[in-house]
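The hints should help you fit chain A with the ligands onto chain V, whose structure is shown.
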Amino acid sequence: MSETLTKAAARNIFYGGTVFFFVIFVGLVAQSVSSAKTIARANPITPSVAAGKQVWEKHACIDCHTLLGEGAYFAPELGNVWVRFGGRQDPVAAREGLRAWFAAQPSHVEGRRQMPQFHMSAKDVDNLIDFLKWTSEIPTQNWPPKVSG
Amino acid sequence: MKYQSQKVALYYFGGALALFVVQVLVGTLAGTIYVVPNLLADVIPFNIVRMIHTNALIVWLLMGFFGCAYYLIPEEAETELHSPGLAILQFWLFLAGALAAVVGYLFHIHVGREFLEQPLWIKLAIVVVALMFLYNITLTVLKGRKTAITNVLLLGLWGIAVFFLFSLYNPSNLILDKMFWWWVVHLWVEGVWELVMASVLAFLMIKMTGVDREVVEKWLYVIIALALFSGILGTGHHYYWIGTPAYWQWIGSIFSTFEVLPFFAMVIFTFTMVWKGGRNHPNKAALLWSLGCSVFAFFGAGVWGFLHTLAPINYYTHGTQVTAAHGHLAFYGAYVMVNIAMFTYAMPQLLGRAPYNQVLNMVGFWVTSAAMAFMTFALTFAGVVQVHLQRVLGMTYMDVQDQVSLFYWFRLGAGVFVVLGVLMIVWSLVVPGARTREAVGYAPAE
Ligand code: HEM
Ligand code: HEM
Ligand SMILES: [Fe+2]
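Line by line, the protein sequences are chains V and A.
Taken in order, the first sequence gives residues 1 to 149; the numbers are from our numbering.
Taken in order, the second sequence gives residues 1 to 446; the numbers are from our numbering.
By construction, these hints were calculated from the structure, which means they are not laboratory data.
Since no wrong hints were added, every one of them can be taken at face value.
Straight-line distance between alpha carbons at most 16 Å, and here's what the computed EDC-like set of lysine to aspartate or glutamate pairs gives:
hint	chain 1	residue 1	chain 2	residue 2
1	A	K7	A	E80
2	A	K143	A	E78
3	A	K7	A	E78
4	V	K146	A	D399
5	V	K58	V	D126
6	V	K7	A	E214
7	V	K123	V	E96
8	A	K276	A	D212
9	A	K146	A	E214
10	A	K146	A	E80
11	A	K2	A	E80
12	V	K37	A	D177
13	V	K7	A	D212
14	V	K58	A	E114
15	A	K143	A	E80
Isolated chain V (complex conformation) (with noise of 0.2 Å):
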């Protein structure tokens, strides 16, 4: 490598540049962190959601699924599954849905994916809906590109 550049100076470059770079990330993500807050208040966590969202880790959802394409990519995925299920038309028909859908899990189709029966509590199913409607309305920047997810 060039003579030009020694070896201190290449230390110092490192040292100043990752500094640098680092407090400009700081301050954006501080940036998105009240951005987030203001999604938020815009459309409250409620208690539900909230506790919805331990629902959904309690069961470890996203080792099959993506949420918002983040997981795994054994199951469809599940940021807009209440549009899916036609939520922003007919709420209460895609609750009823949502809740027949975990109700009769597993399939037991020979050669379909399965996925388990959780035996969740009706107030569970009820907070686990309530997170994934919360989700389905947080900006995404239009993705998922198709509501097939």
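Chain A with the ligands alone, transformed into the frame defined by chain V:
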């Protein structure tokens, strides 16, 4: 090997190799469930299998890093380890924690964020283990010679511990949860882990090629500068569609494109050093792994990362099999291979043998690497078809999966060969060859 206390690295290398075998076996089980979906569905569902696969991977890679540090630091600092006893205790604690986590997963004891499924007490135990480790190596470096390699390695390892702390933050606002989840996941693999990788490769280059330390260390600083200047703001490539502002599409796309550079620089670095060095080091297998590491990391992280990192492309590929393809080749090329390179270099020295079973080790290299490459191609094809059918035409997820099942069979086939290759590697490293003898004529450079 110059210092007795370097021997503690053997515990870590052994533990890491054992978990490596578990990881690929469980991965193969996950791949089997993809094609035979009713298998075990009522006993161990896919999500449990997957968390064991990914957690075993991360734990063994970290265990390998600890071992690398315990081998490398005394030699670089030219002093015995501060406390070998503490290092051994730390090993058993870490292994016990990892096994407890896995057994717990089988009984559905876990929490629910990808890669961070460990229950709180395991996470806290990991923090304790990390503190024991950092205390031990930091004191060793402080009392000994300070080189750029130890400096960068320490920085990387401290960074790993610091960013892991963000795994303890889990707000109920999903947007914030996701933003800071990436502070662990992205700032690890595209930040501080790269520091570890680059410093281990630099150490191996000094030892095996005999190129002047000044040259190697200058390269090291240039590489890690490229890595962090691009990688920190490159986090933006995960902030496109999770409820974060639109400006991340510009920042993420631009900076993560530059993330290719450090990986490219590592290829140039390793090849130039080997070519310039001209020193005929007897451990051909370790050289092969070092060169292979930079090349596969360049393809897995650099090329396959760039493939889907621009926001307009990621809009379609986000969360598809394309991501799985990239995840596999990147982890394999960068972090699996850097660990195996170091194990292959250090284990003969630690066990007092001439490099042995070189041929088997190198066959293992080619079998595993070819199979991982094939797996990556299979998943990439599956991903491209998935993107078209699901994201462009709008077919439902499950219908699309039926269309790509052939690729999942290919992935499984590749997986079986990965397991075979890994068994060869482990065998060649662990089982004494018939020609076991004192390591003679095998002193490292300097
Ligand atoms: C050294 C080798 C391997 C490495 C480094 C590795 C790494 C990984 C990583 C990082 C993930 C998470 C992917 C993501 O979130 O994008 C994953 C998931 C997975 N791996 Fe591996 N793996 C390896 C070997 C295998 C093998 C041999 C198989 C067998 C077929 C396999 C099958 C799977 C499957 C099925 C998943 C779940 C993907 C999904 O969510 O759909 N892996 N692996
Ligand atoms: C050795 C370094 C790297 C490793 C180990 C790695 C590993 C991974 C893994 C496991 C994921 C999936 C995370 C999840 O489960 O959601 C991922 C996602 C991603 N990686 Fe990397 N990566 C590396 C470097 C890079 C680089 C250099 C780039 C860009 C040039 C890149 C671009 C991406 C992108 C855009 C995603 C998001 C994919 C999506 O939208 O689904 N990665 N990476
Ligand atoms: Fe990333």
